[in-house]
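Participant: With the hints as constraints, model all of the structure from the sequences given.
2 protein chains.
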Amino acid sequence: MPVELAAPIETDLLPIGGVRIGVAEAGIRKANRKDLTVFLLDEGCAVGAVFTRNRYAAAPVQVCREHLASEQPIRAMVINTGNANAGTGTSGLANARQTCSALARSLNLHHEQVLPFSTGVIMEPLPMDRLLGGLPAALTHAAQPQHDSGTHWLAAAQGIMTTDTLPKAASVAGTVDGKPVRATGIAKGAGMIRPNMATMLGFLATDAAVSPKAASDLARRLADVSFNRITVDGDTSTNDSFVVVATGRAGNNPIEDIDSPAGKALVSLLAPLAQHLAHAIVRDGEGATKFIAIEVSGGRDAAECLKVAYAVAHSPLVKTAFFASDPNLGRILAAVGYAGVDDLDIVGIDLWLGDVHVVAQGGRHPDYREEDGQRVMKPSQIHVHIGLGRGNASETVWTCDFSHEYVTINADYRS
Amino acid sequence: MPVELAAPIETDLLPIGGVRIGVAEAGIRKANRKDLTVFLLDEGCAVGAVFTRNRYAAAPVQVCREHLASEQPIRAMVINTGNANAGTGTSGLANARQTCSALARSLNLHHEQVLPFSTGVIMEPLPMDRLLGGLPAALTHAAQPQHDSGTHWLAAAQGIMTTDTLPKAASVAGTVDGKPVRATGIAKGAGMIRPNMATMLGFLATDAAVSPKAASDLARRLADVSFNRITVDGDTSTNDSFVVVATGRAGNNPIEDIDSPAGKALVSLLAPLAQHLAHAIVRDGEGATKFIAIEVSGGRDAAECLKVAYAVAHSPLVKTAFFASDPNLGRILAAVGYAGVDDLDIVGIDLWLGDVHVVAQGGRHPDYREEDGQRVMKPSQIHVHIGLGRGNASETVWTCDFSHEYVTINADYRS
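Chains as they are written, first to last, in our numbering: chain V, 1 to 415; chain U, 1001 to 1415.
The hints are simulated quantities; they were obtained by calculation from the structure and are not laboratory data.
Mixed in with the good hints there might be a few duds.
Said to hold, decoys possible - Calculated lysine to aspartate or glutamate pairs in the EDC-like style (CA-CA distance at most 20 Å, straight line):
1. 378(V) / 295(V)
2. 1213(U) / 1042(U)
3. 1179(U) / 1259(U)
4. 1307(U) / 342(V)
5. 1378(U) / 1405(U)
6. 307(V) / 1342(U)
Facilitator: Right under this line is the structure:
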């Protein structure tokens, strides 16, 4: 049961001018499910992306990096679920390249203008016959008129799911540089999921005009406040990817610098969308019963705030305590202590659970009563705030609790 | 149910000349259980120790560090279970000091000659009346003759338990520098345990003669092949301590350098004992059903081997796969990939599960059959070997799997 998360409604999803989407049932791993998605991008789109840092980066991630580094503007993306094409060596690379070439041929593009993405089982060969056989149906679907509804975006959100219990999609609209701007995004899956259904994928498109360099910065900036700040079990997939497409149809003066006023306005518009999608992944985390924000303030720099936040977010002891609604201060403080901030003085530590000040000066707050702690641990959404008392940096990460269901899901034999 | 671990037998435990042990029931947290232990050390003993690196080091750990740094030779140790005296601020420090002073007064020692240790609930005041009230009984017990049996060692192993399901103790005997040498050790508890029953403690005494400087090196060297190479859930307690006492009764020429021939002989004799105790902690890990050795070889240095070994040992996805006896290569390789060895070339990776070569050159071994992987994952003890193919360093860490029982234990409300 996802935590406070509902399926997106088709009519809430805004189509983005310059982006056409087609989804097909290619039977890649299972029959009768949407598993192949193409994004077709009009000329003039700028595309930025960030990828997993895992040294076992999957073949499609390697090919994406090559194609983004080439001189060719990106004009299409192809995404399959059911198979991650990871740990597949040189034949996996060849399959990812062949996928791009096949789609490029149909669209009269250069193969480097196509980005490939895969998610699903690891270490099994990509079933190329089924994947390539499904492309015509996806292109036919993409050729349907789609300028006045979110139908195709919802289909794409469904078409990239693995063990997700709900599709994840949302839209925002606002103004940038005096022009109306909209954006729609989809995402899937958290962690390394049963059975090896790896990968977090996020795709966000806006009709704002952005230079190629700024699109790349935009992807990084948005990821750093959303997809790069969530964790379910600490495991980093081989295929994680987040892509931002800017089609330019909004007609604003192209944004060259995301720190310009217009750039900042765009970041402010898109950041909540990226966060919504990232949070949806955590809310739908395996076995999650609670959605937990961990804010660390008062650090000397962002890096040490993140160290502390992740130490708490990854502690199995903290996560099981959240599952039990147990205000277990000792476990949180112990995680703060071993986070790797070597010269941390524990006398500066404060801790709040929700609105309850539970730790002051490194020890139990004199006014803290256990029943107050228990009260704030009951809800399905919990805010933990740790003050380090040594600087002005702050960071927030989001995670979920650790339940019996997590073990059940991940201890299941692969089917 | 601990994994392949039996309770120690009293007659297998060798008393160590120069060490007297007394154990009492002080009622520190629960009535009618051994919870207060004193070690009395004859003059001439050398004592070395290593402690948690957690910044939230508990009060007794802080006092131990001070006392070991003083000029006073250590002559006694006092250990309580039931309360960790951690997260207790200045009053906690005062309580740890008062404990040392009280025991020192009874023994006509300086308070800096006493080392205090605590394990149990965090952030609650140490019940000083009960602790101090129990000291006379512990001293009376220590005054009993104990030179011909392991009764007192077994009582101490019981007296330091928290959620351990079995006491942990063992002995070894051999020769160093032509003299018969023996050693006995006890240990307790793994991880940060219900309900905040924190802490791993290990105490090892040998009758070998060792200089104070070499005793300190010996504690570090032994910890680095035993207690510093085990992990249950990755959480580091506030109270972890490992102490080595060398009484000198064996009559060998005092060892000044643990890398001398006699020093190496002593390390070789004691390392298996320290490992046995450390492994016992993992075997008795919360909810453990499997005992897993993770060996990483072919690294450029020990640090990168440990990074990879711990990334695998801490991955909840790997640990749940072990629980399910699932030879899930993708999860292991993904953990290798995100371990933080930045320039790791995955083409050099080999992986063996038991005697089955499952991954070669970074991909599935051509001869690997899933049924072979399943066969080697069935037993309760599993050896995982990862080859990095880029150097000559190697390291091994030991861990256990991640079961439903772990969540049950740690999600329980504190009693």
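Participant: Does residue 1307(U) pair with residue 342(V) here, judged by a C-alpha cut-off of 20 Å?
Facilitator: holds (18 Å)
Participant: Is residue 1179(U) close enough to residue 1259(U), meaning Cα to Cα at most 20 Å?
Facilitator: holds (18 Å)
Participant: Hinted pair, alpha-carbon criterion (20 Å max): residue 1378(U), residue 1405(U). Please report holds or violated.
Facilitator: Cα-Cα ~19 Å, so holds.
Participant: Run the distance test for residue 307(V) versus residue 1342(U): straight-line Cα separation, threshold 20 Å.
Facilitator: holds (18 Å)
Participant: Keeping to a limit of 20 Å between CA atoms, is the pair of residue 378(V) and residue 295(V) held or broken?
Facilitator: holds (19 Å)
Participant: Given the proposed pairing of residue 1213(U) with residue 1042(U), does the C-alpha separation stay at or below 20 Å?
Facilitator: The hint holds at about 18 Å.
When the structure is compared with the earlier hints, no violation turns up for any of them.
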